[in-house]
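Protein chains in written order, with my numbering: chain A, 1 to 354; chain U, 1 to 309; chain E, 1 to 343.
Hints may contain errors.
[As the list claims (entries may be wrong)] Simulated pairs of lysine to aspartate or glutamate, EDC-like, Cα-Cα distance not exceeding 20 Å:
hint	chain 1	residue 1	chain 2	residue 2
1	A	Lys272	U	Glu201
2	A	Lys330	E	Glu15
3	A	Lys36	A	Glu210
These are calculated hints, taken from the structure and not from any lab test.
Spelled out, the chains give:
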Amino acid sequence: MMNKQETILKVNDLNISFHTFAGEVKAIRGVNFELKKGETLAIVGESGSGKSVTSKSIMGLLPKSNSEVKKGEILFQDKNLTKLSDKQMQKIRGKDIAMVFQDPMTSLNPTMTIGKQIIEPILKHQNASKEEARKRALELLSLVGIPKPEQRFKQYPHQFSGGMRQRVVVAIALACNPKILIADEPTTALDVTIQAQILELMKDLQKKIETSIIFITHDLGVVANVADRVAVMYGGQIVEIGTVDEIFYNPQHPYTWGLLSSMPSLDAKEEKLFAIPGTPPDLLNPPKGDPFAARNQYAMKIDFEQQPPLYQVSETHYAATWLLHPNAPKVEPPESIKQRMRQFKAQKGGDHIE
Amino acid sequence: MSEKDVILQVNNLKQYFNVGKPNEVKAVDDVSFDIYRGETLGLVGESGCGKSTTGRSIIRLYNATDGEVIFNGQNVHDKKSTADLKQFNRKMQMIFQDPYASLNPRMKVEDIIAEGIDIHDLAKTKQARKERVYQLLETVGLNKEHANRYPHEFSGGQRQRIGIARALAVEPDFIIADEPISALDVSIQAQVVNLMKELQEEKGLTYLFIAHDLSMVKYISDRIGVMYFGKLVELAPANELYENPLHPYTKSLLSAIPLPDPDYERNRKRIKYDPSVHKGTNTEFREVKPGHFVSCTEEEFKELQAKQS
Amino acid sequence: MMKQQEENIDKSLFEPAGVDTFSAEKIEKPSLNYWQDAWLRIKKNKAAVVSLVILFLIVFMAIVGPLISGKDFSTQTTSEANLPPRIQGLEHVSFLPFTGERTLKSGDVVNPYEQKGIDHYYWFGTDNLGRDLFTRVWKGTQISLLIAVVAAVIDLIIGVAYGAISGYFGGKIDNAMQRVLEVLMGIPNLIVVILMILVLKPGIIPIIIALSITGWISMARVVRAQVMKLKEQEYVLAARTLGLSNFKIIFKHMLPNLTGVMIINTMFTIPSAIFFEAFLSFIGLGLQEPQASLGTLIEDGFKSMIAFPYQMVYPAIIISVIMIVFNLVADGVRDALDPKMKD
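With the hints as extra help, turn the sequences into a complete structure.
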């Protein structure tokens, strides 16, 4: 299924650093992934993992004054986005690659009407007349489920609720039918019921417009809901990547185990939540081995010495952990993970590593 | 029910803002519930439902518009002498939501944690104060060296633990946790929640746990109350609420929670809540099953009771 | 994307490493308090740093200037009146103005020192009563700075107290205090000051009082706004739940977080005070003879501006430099303390 689809975006060995008072913060340390047409790739990680930096680097939104792409490339339509000037990026932003941000309160300009804000990208990128742009904007408002679009067109952001605003933000992002939509924690600030609505909306629109989505979040429930494939980031690197079923039912990296076990399940009656101790590493002085080693109860000596390579678990599933090295001892993942793996076995029937 | 020790009674609590003016807000509108000593009562709802306001009214950060809050047998909103107030402040404490705003950025961690100790003269010497702070830091899983640092040097989860240490310093009986984990990463949430559970066992604490993350609330709470636009719509033991939700809003809320389970997610159907679905008159908070309360009309009450048997 | 390395990795490396989760809590970076952090950021702002250096030099000269000239600021030597500036060592450098020469209206260049047989040097020249301008200029700077700083400190104390109380207690108290403030603001500042000077008679203390009477208002408003923001912060709520009394909350929790706005406001107040004092002197309500301030010097020099420009130029340069420099440093401090600009 996956291999037949066209690759829209390819990130190769991306290394990005920030220059701060205290020194060089190596925020992204060798990130590789692909995005295929029509799929939703979720990038999961906690604060400091580098997921937001990755998305901003694709859009060229990192501050030029103190950020530096040290190595690597972001390939889109035969161009390397890291090498493009701001003017060249402006032609791509909003048209081919669009972004939805987290906070609906601050993503909209409070002094412009909603209508004006939706028309903006259309007028800029599509050489449309004002009439045509307005028509398209009204279509988009209906598409994102905003009732009475003609009325709403003339209103200001403060007249909309949080959920409605986020719908408008999605409308603006999709105005020019972008090939890639980057959604950076789009529902984190929303209530559960509104979140559900926005996720449904995004999935619906994705089918209609065939856009590929990079969905950045720390909420694993949301990931299970929207993603086709998942990349787990930690300490500036991707530590595990695979299809959503592989990641949730057959995870291989101890960090992924930790993440999945630290969420209470609605049916199990567990006594104690498994909590990953400690805090993420300081990227000023990144640890030389596996970035997760210091918090990993399964860590081996080599985890502190060398960074693990990406081991293949299946055609679509890779994990960067020394546990997958032939010499590594067999370990018992936490009980809740074992439960998931049993489910996986039952479904797939043997397509995994024991 | 009468054998259980009630530590907090909330009776018909009303908290209105801008009363009488066109922008009047009925943040908490006639809410009643009891909390038993040693339990954790979860209070959930979406933004604007009044759960935080309820917590803050209980601890006297707001003066209640109407109704009463009875803590350890005494009315919280009565006029109190300074000594009484001090007692009250020691017995009831609060943990806040925003780890970045709940600690004074200009104070060292040691002074932040020791604030309560200083106010209530709980340490006789400087050394004793230091010892107590170190003890508290260890209890929450931090190091002694952290006492000399400033809040901005810590991560969100660590700051939240400092906030917990601060609350524990005065040895309270009852802690209101106002969305203590909402601003934290997933794996850190588990750390803080585990810590809170441990502390509850060790020190016999009672919690009011206010949150909007329903899966975490279920994990930590014994009983859960669901709020909607200032009113309590359902109150039941945690498992009962999830297995057998009775109020349509609760059902809608539960059906909207995404779980880390792709199979489940592919099949989940969301139920939408329409307030106009209620039929009948006289909406009151009624006990449909022992321990399970629902806000419903007389007719709905009869229907629900029929279904339970 | 697949990297399977069959390196020879020592088998012993695959033994478990006992992970000490306690050390996972260690903080690597050294502890930086508020001021150290701010200093690091000010250093980045070249204009502010240069201005700070110039400011130090001026203050240094204001203290040391009158002492090194060897002359007194009030001694009048009428025979040596209106001498142009002359500095030993620079007197033969023709493009610098320190040659002791004057160009008359007719175009002739004369050297009054030689004409009158004066062999000592007046670095900034003398005024119409033969007083050494170098000493007077630095003495004047001293006095101007003194007046401005004292007035600013009084503004600070009154303004912070008023603003903090008004902002923290809110409600009726705030309403009443704000109405009083608005009445005060409605009265023209200049009229109040002039009335005060006329009543109290010109002098250093009356001028300070006159400047402080309405100067505290802007500080009060800024502090009130900040306090209203701070009082909703959760750490203030936490202090309330712990039982801290209101005044202690203002002192312990609010004031330290107000130092930023206090400093910035004060740094903008000082140059206005200097300028205002100069203005008062210019219209004759400033200090009286023989006391010197930058304002009185400019006023004196103004009278003979055409014939003897140097008498006005030096104090004018100093006052302009002080004001520019204070404003640049204040800008720099404000940017450095602005949390939104943290990188």
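**Request:** Hint by hint, work out which the structure violates, then give me just those numbers in ascending order.
**Result:** Of the numbered hints given earlier, the structure breaks none, since each of them holds.
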